[in-house]
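Using my numbering, the first residue of the sequence shown is number 521, and each one after it goes up by one.
Incorrect hints may appear among the rest.
[Claimed, not checked] Here are the simulated DSBU-like pairs of lysine-lysine, each with C-alpha atoms no more than 35 Å apart in a straight line:
hint, residue 1, residue 2
1, Lys572, Lys595
2, Lys598, Lys585
3, Lys598, Lys578
[As the list claims (entries may be wrong)] Per label pair, the in silico range of CB-to-CB distance:
hint, residue 1, residue 2, range
4, Arg574, Ala604, 28 to 36 Å
5, Lys535, Pro558, 17 to 25 Å
6, Arg556, Asn606, 46 to 54 Å
7, Lys525, Ala559, 53 to 61 Å
8, Asn606, Pro563, 26 to 34 Å
9, Pro563, Pro591, 37 to 45 Å
10, Asn581, Ser548, 48 to 56 Å
11, Thr566, Leu602, 28 to 36 Å
12, Arg579, Val542, 55 to 63 Å
Since the hints were derived computationally from the structure, they do not count as laboratory data. Glycine included, every Cβ here is placed at the ideal spot set by N, Cα and C.
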Amino acid sequence: MNCFKIIQKKIKRMKKLLISTVLLFGLSLNVYGQKRPPAPPHPSKTQLTNSKSRELQKRYNSEKKMIMNHPVATKKMKQQQLKALNIRYQNERKLLNSTR
Numbered sequence: 521m522n523c524f525k526i527i528q529k530k531i532k533r534m535k536k537l538l539i540s541t542v543l544l545f546g547l548s549l550n551v552y553g554q555k556r557p558p559a560p561p562h563p564s565k566t567q568l569t570n571s572k573s574r575e576l577q578k579r580y581n582s583e584k585k586m587i588m589n590h591p592v593a594t595k596k597m598k599q600q601q602l603k604a605l606n607i608r609y610q611n612e613r614k615l616l617n618s619t620r
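Full structure from sequences and hints, please.
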């Protein structure tokens, strides 16, 4: 009879230990899940200028294509617009290169 009580006490302790460990584990998972993801790395200055340069080149090419494919503009008008576009593009390139 005495041995049976000892076993029951051990079982109760084991249940309490199991419940507390499960609770502790669950809480730690909850806290771990609330952490923010790490911030993405910032691009370097050269990467930034290279991407800006690519964007500028894309914009220049698309505007040039629009000017060249304009159905109503005369040849002289197209030349004037291309000249203005080239000047603007050169100024923007100088600005971009000066930040390097």
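Hint-by-hint comparison with the structure:
1. Lys572 <-> Lys595: holds (31 Å)
2. Lys598 <-> Lys585: holds (11 Å)
3. Lys598 <-> Lys578: holds (19 Å)
4. Arg574 <-> Ala604: 28 to 36 Å: At roughly 22 Å between Cβ atoms, Ala604 and Arg574 fall outside 28 to 36 Å, so the hint is violated.
5. Lys535 <-> Pro558: 17 to 25 Å: violated (40 Å)
6. Arg556 <-> Asn606: 46 to 54 Å: At 47 Å between Cβs, range holds.
7. Lys525 <-> Ala559: 53 to 61 Å: holds (58 Å)
8. Asn606 <-> Pro563: 26 to 34 Å: holds (29 Å)
9. Pro563 <-> Pro591: 37 to 45 Å: holds (41 Å)
10. Asn581 <-> Ser548: 48 to 56 Å: Roughly 55 Å apart at Cβ, these two residues keep to the hinted range, so it holds.
11. Thr566 <-> Leu602: 28 to 36 Å: With a Cβ separation near 30 Å, Thr566 and Leu602 satisfy 28 to 36 Å, so the hint holds.
12. Arg579 <-> Val542: 55 to 63 Å: Holds: the Cβ-Cβ distance is about 59 Å, inside 55 to 63 Å.
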